[in-house]
Amino acid sequence: MSITLDEICTLIGLQLGIQEVGANHHIQANLGADSVDLVNIAATAEEKYQIEISETDLVSIKTAADLHQLVLRLAGS
Amino acid sequence: MPQFETLLEMLAHRAAASADTIAYTYLNQPRSYSQLWAGINRVAARLLASGLAPGDRVVIALPNSHEFFDAFYGAQRAGGIAVPIFPGFAPQRALAMVDLCAANIVFLPSTSPGAKLGQFRETAASRGLTILTVAECQSAAETASFPDVQPDDIAFIQYTSGSTGDPKGVQLSHRNLLDNAAQMIAGMEITPDEIFVSWLPVYHDMGLILKTIVPFYLGAQIHLLATSLRTVEPWLEAIQAHRATFTAAPDFAYRLLLRHIAHPADYDLSSLRVALNAAEPVRAQTIEEFEAAFGLKNVMVAGYGLAEATVGVSMGKPGSQVRFDSRGLVSAGRPFPGVELMIQGGEEGQLAAPGEVGEILVRSVANSRGYFNNPAGTEALHWDEHTIRSGDLGYLDEEGYLFIAGRLKNIIIHAGRSVYPQEIEELYTDIKLVRFAAAVGIDRGDVAGEQVYIFAEVRGDAQTPELVWQQTVIKMVSRFFHRFGFRPARVLLLTPGSIPTTHNSKLQHSRLRQLYLDRQLHDQGRILYS
Chain A
1 MSITLDEICT LIGLQLGIQE VGANHHIQAN LGADSVDLVN IAATAEEKYQ
51 IEISETDLVS IKTAADLHQL VLRLAGS
Chain B
78 MPQFETLLEM LAHRAAASAD TIAYTYLNQP RSYSQLWAGI NRVAARLLAS
128 GLAPGDRVVI ALPNSHEFFD AFYGAQRAGG IAVPIFPGFA PQRALAMVDL
178 CAANIVFLPS TSPGAKLGQF RETAASRGLT ILTVAECQSA AETASFPDVQ
228 PDDIAFIQYT SGSTGDPKGV QLSHRNLLDN AAQMIAGMEI TPDEIFVSWL
278 PVYHDMGLIL KTIVPFYLGA QIHLLATSLR TVEPWLEAIQ AHRATFTAAP
328 DFAYRLLLRH IAHPADYDLS SLRVALNAAE PVRAQTIEEF EAAFGLKNVM
378 VAGYGLAEAT VGVSMGKPGS QVRFDSRGLV SAGRPFPGVE LMIQGGEEGQ
428 LAAPGEVGEI LVRSVANSRG YFNNPAGTEA LHWDEHTIRS GDLGYLDEEG
478 YLFIAGRLKN IIIHAGRSVY PQEIEELYTD IKLVRFAAAV GIDRGDVAGE
528 QVYIFAEVRG DAQTPELVWQ QTVIKMVSRF FHRFGFRPAR VLLLTPGSIP
578 TTHNSKLQHS RLRQLYLDRQ LHDQGRILYS
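Going down the list, the protein sequences come from chains A and B. The opening residue of the first sequence carries number 1 in the numbering used here; numbering runs sequentially from there. The opening residue of the second sequence carries number 78 in the numbering used here; numbering runs sequentially from there.
Heads up, some of the hints might be wrong.
[Claimed, not checked] If you anchor each label on the Cβ, the simulated ranges turn out as follows:
1. Glu433/B / Gln50/A: 42 to 48 Å
2. Ala65/A / Arg170/B: 53 to 59 Å
3. Ser403/B / Arg73/A: 47 to 53 Å
4. His26/A / Arg588/B: 36 to 42 Å
5. Arg73/A / His559/B: 31 to 37 Å
6. Gly423/B / His26/A: 38 to 44 Å
Note that these hints are calculated values from the structure, not bench results. Glycine included, each C-beta is placed from N, C-alpha and C at the ideal position.
Isolated chain A, as found in the complex (with noise of 0.2 Å):
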């Protein structure tokens, strides 16, 4: 499975309702997600990729890199 970073920050994007995502902004400070649009796109993101993240790894997601290296991980490509 090949999971492109312009596809996370898609998905950041249509999760929050805007249109620019940059791979290091910084979801809450910059983009304005509140700690339930990021449990949304956590969730999101574990349907769409068949994966399941872990509370410890939720935390841990800062950006969209961040994200993507984390569904790159548990989706074992």
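Got chain A sorted already, so can you dock chain B onto it with the hints?
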């Protein structure tokens, strides 16, 4: 205003006092009160000859037609109870309705294809059920003696299509119907000079009671059309041709009309005094667009009603500006004379203060005594002896104007905050690619608790570029966020026809939720983009 004790007395009076006066036209074919009364008596004579006993139910599966009235009132004239049902039901579904009300006789259209009648008769015969058509009643003797019908006798049972469980049969007495007709006449300021045009189904409450019983009550003109909304032009043409002053429809029909009529200026609707928008959530945008398109002012008014209170409960004042609240909800006006509205407060048995949202309670002489053969439902319906629970949420403002916030059971509570699906659904009415949206609350069982899921049927297909859907979702989420200050858990774009609705186009939120949770939307390929 004339005082009648029963619907039959009303029609007999009209037939005697103004025999040749037109009772109504259907597709421009006029029918006089004397013709109508004769037709009613023929059906009644036939029913009595078949052994109909007082209080027996007669199911009427007839569309808008002359026959409908013969069968509907004929059943009552014979001492029975009419049970109109959706004529489009397949035999199986129709027979399930027959079972619910334990009827022995079913009316089908005289024009039914032989095959359909045969199919019904075959199934019916094994259950001792009689299938009749009005044509088959023509030869009945006209001189039968009819039972004495009392004001508190049940005239008909109106089945309400609940989103879950079996439909409930609301029992309406002659007195309920005449009382509610009088309430609506007073509250809507209707006079005998009113000219009604209606395509609404006569087998359902608003089309039947407001659009036919009210005009019969006053001897006002009513021009009926077929219910098909495949084309909306006949509706507008009839308003123009008859110089109609009063028409009524649910919001979706007006939206459909606005979408389909390319040149509204071709129609002169200036005769309209009232275009009632009721029976489903009223959108401010529909009112604005309708009046702008046809150059009207203060003609479209929002109304509120429910079958358990016969039908009409409140309506905005004709000729006055529609009242909106700060959230953009449209007021359904003040209750009609003789109707009292209250809002259930936080504690059981307590009433809410002005502005506070709770279940709408209705106290009215036109309240049904309860559901047919359903004591538990009837008990749950009653708040006290004279007051019923509507199952709808709303509030009354300081001046007693009613605002509807949605259905009690569909309320979404996110992080302690109540959101009404209707508030969300209205956010997207002007997005061209979105046919309509439905919002439901889903709790995935995680920390976020119950959250908002938005499902939108969209115009497009698998060929539509993904970027278009992406932009649509971003717009929907961003608009939601600006309105509520938080975001929905998910927005899913669906293929047309995916969101379940009742046959009168009400969204079925709980069914939609179930379809999603059961992954049926996924499995059936309904999700275009998410």
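Now the hints, each set against the structure:
Separation of Glu433/B from Gln50/A is about 46 Å and conforms to the stated range, judged on CB atoms against 42 to 48 Å. Checked against the hint of 53 to 59 Å, the C-beta distance between Ala65/A and Arg170/B comes to roughly 56 Å, which is consistent with it. Under the hint 47 to 53 Å, the C-beta atoms of Ser403/B and Arg73/A, about 48 Å apart, fit the expected range. Here the CB-CB span from His26/A to Arg588/B is close to 41 Å, well matched to the stated 36 to 42 Å.
Range check, Arg73/A to His559/B: Cβ separation about 35 Å, and the 31 to 37 Å hint holds. Distance hint check: the CB atoms of Gly423/B and His26/A are about 41 Å apart, consistent with the given range 38 to 44 Å.
The structure meets every hint from the earlier list without exception.
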